[in-house]
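Colleague: So you can see what is in the structure, the chains are spelled out below.
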Amino acid sequence: MKERSNWLAKILPPPSDNIVSGADLDRGYKNFSRGLFGILIVLVLVPLAIISLLSHHQYKHLLQQRELDQLFLNLEQAQSTIEKFVAELESVIKFVARDDRYHELLEPKELQALFVRLQSEYPGFVDIEVVDSHGMQKSYFGPYQLEGHNYTDQTWYKEVMLRGVYISNVFSGFRHVPHFVIAVSRKHPQQNASWVLRVTIDGQTLQNYVDTISTTYADDIFLVDQSFTVQTRPQKYGKISEKCILFDMGDTIEKNFKKRTVERFMMVQKASDMIIVQKSFNGQQILQGVSELVNTPWKLVMVKEQYLYADAWFSFKIRLTTIFLSCAIVAIFVILEIGKAITNHLRESDKKREQFLVEAEQPNKLASIGRLAAGVAHEINNPLAIINQKTGLVQDFMEMSDDFAYKAAMREALDGIQNSVERCKKITHRLLGFARQTDVKNEEVDINVIVREVVDFLAKEASYNQIKIDFDLDPDISKIYSDRGQLLQIFLNVTNNAIDAIGSNGTITLSSRQIDPKTIQVSITDNGPGMSLEVQQHIFDPFFTTKETGKGTGLGLSITYGIVKKFGGKINVRSEVNKGTTFDITLPVANN
Amino acid sequence: MTNIKLLIIDDEVEFAATLCQRLQLRGIDATDMHSGGEGLAVLEKVAPEIVILDLKMPDMSGLDVLAEIKKYDPGIEVIMLTGHGSAGSGMEAMEKGAFDYIMKPVDLQELLEKINSAYEKRGKA
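Taken in order, these protein sequences are the chains called A and B.
This note's numbering puts the first residue of the first sequence at 740, with every later residue one more than the last.
This note's numbering puts the first residue of the second sequence at 376, with every later residue one more than the last.
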């Protein structure tokens, strides 16, 4: 608990700790406000950011899955269509190469007639030839001069003899146009040997077919052979007879697949003969589907570009950003307001506490100083009484004596001692009075009469100093129940101070008014030099005086304060340097 | 005013002696004693008409001494001396039979007036 409050205290320094000046206090509140703002922002924005990122990730994954499914479906359809097409070509050729037609087809006329019939149905057929069991070409029809070829050592011949069917890659060869070959082998019924019918088909036929199945969904669709050499013309990803640039970087599909399975297994769907990978190509994310075409030497490649930049994804991102930003802005605004409110509340309660402490301290201070004052006054009073009597006795003897040298000077000195004793007596009596402040009479008093009485006391002194005294008294003010003598002392002290403060030439205004049925207020305003804040803070402290040494005891206002408090009233000072000072004394109508 | 028999009881010896001397200079037959016990002991011998009595003394309080004096002779007028000038204790003493009270340091003129009044009261009684 202690550690926790420590780190919290570091972020949120309590503003009123270690405060020396008002500026420090302000800085304290600012730091507190900043710390609070920081913590609340983190508390609100971090979960918001986490939720947004999760939604972003989840939605992206959903979209990707959908795209993947779509591509998978398209690839499957295209694969089956092309496989059917090739199978159809293959079965046509198988059909015309019936076992017993070998001799018939060796006849050039028969071969030509067959070829013409075939070409009318399949215009892409380029030429046709018959090869015997030794690999020797026996008959040929077509636009090229190819008669008499020996194919014995050629791979295709070995393969067709072994498997019965052979389909070649698209190549140019000595015909110099892209084409591919379908060859089928047949058993010779009598000779127990095989012969081969070989048809060359224009590469454009395959191209046309692939073009017809191009979907609006895919951005590119083309065929490649087993070594990724392009077989039909792609829109973007390579040229015929060159290696496809999608597989250019030495990565085979398998390798790519493995790598991707580890990194992004979600992105790969694999049917037995179908692989879809997500990859970056020229800085762009693409989906690339590759499917084996069964019984052909080819693979079908389908590419989908910019699959993540579809409208749905874009509008989702806009919506997510808008929601995040508006939440963040609202949160910041609300947090700022809450922070301000809390700081203000704290500042107010600190201020109240401070005020309360000051008020609570004042009576304590007065009480302890009062006890001290009473002790000192009492101790001093006895020796003072002795000095007083001894001086009096010397004066008595002197008056009874005849004239002697220095008699006059001695009388003067003794008078001086008596005057000083008189002054000390006043001080000790005031101290004792200050300490006492006990007995309170409770009589009905007209505050206006008291105020006028006070001014009567001081009128002479004021007029000596050219000080004008004005009244602004409410004639309908309630009479109050209080101690007349002590009330006189209150107003006498304050008014006396006002006269001292002005010095000469000025005005003092005494006003009274009813605040509410239970409270009245007397204000004493002077246009003297006013007081600084520093002085105002101490004026009710005992022994605090701004008067020159010997002129004031510094007890007048603290006695006044004590009496007003005792009556259940309040005394406040408002002062501005060079403008003047007002004391507001508020008193309850009924004295408790 | 002259020949008034007066007893001063105050533990502050210098004060009591000086005051006594000054009153004697003014023709008053004054005696000073420096504790409550001493004061009560000489009551018969001195037979004072007026007693000036300190309120606070170490052996017994002024109020107790006052009570004893009044018990001895209710006709003796007592003027209380109060060190801390509290009206409260002065008033209390008056309720218990003191004639008046006066605060220290004593103004002799004031004291003489009070003695005079007390003497006049006693004369009327």
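These are computed hints drawn from the structure, not numbers from a lab.
Where is the CB? At the ideal position from N, CA and C, for every residue including glycine.
Heads up, some of the hints might be wrong.
Within a straight-line C-alpha distance of at most 35 Å, the following computed DSBU-like cross-link-like pairs (lysine-lysine) qualify [as the list claims (entries may be wrong)]:
1) Lys1305/A / Lys431/B
2) Lys1207/A / Lys1165/A
3) Lys1129/A / Lys489/B
4) Lys431/B / Lys1165/A
5) Lys431/B / Lys446/B
Each pair of labels, with its calculated beta carbon distance range [as the list claims (entries may be wrong)]:
6) Thr1285/A / Glu470/B: 27 to 35 Å
7) Gln1157/A / Glu467/B: 28 to 36 Å
8) His1168/A / Met435/B: 47 to 55 Å
9) Ile1119/A / Met435/B: 39 to 47 Å
Pulled from the structure, derived: some chain B residues nowhere near chain A, Cβ distances all over 12 Å [unchecked claim]:
10) Thr393
11) Leu415
12) Met478
13) Lys489
14) Lys496
Colleague: Are the hints correct? Go through all of them and say.
Modeller: Hint by hint, here is what the structure shows:
no., hint, in the structure
1, Lys1305/A / Lys431/B, "holds, 28 Å"
2, Lys1207/A / Lys1165/A, "holds, 28 Å"
3, Lys1129/A / Lys489/B, "holds, 21 Å"
4, Lys431/B / Lys1165/A, "holds, 21 Å"
5, Lys431/B / Lys446/B, "holds, 20 Å"
6, Thr1285/A / Glu470/B: 27 to 35 Å, "violated, 43 Å"
7, Gln1157/A / Glu467/B: 28 to 36 Å, "holds, 31 Å"
8, His1168/A / Met435/B: 47 to 55 Å, "violated, 26 Å"
9, Ile1119/A / Met435/B: 39 to 47 Å, "violated, 24 Å"
10, Thr393, "violated, 4 Å"
11, Leu415, "holds, 22 Å"
12, Met478, "violated, 7 Å"
13, Lys489, "holds, 16 Å"
14, Lys496, "holds, 25 Å"
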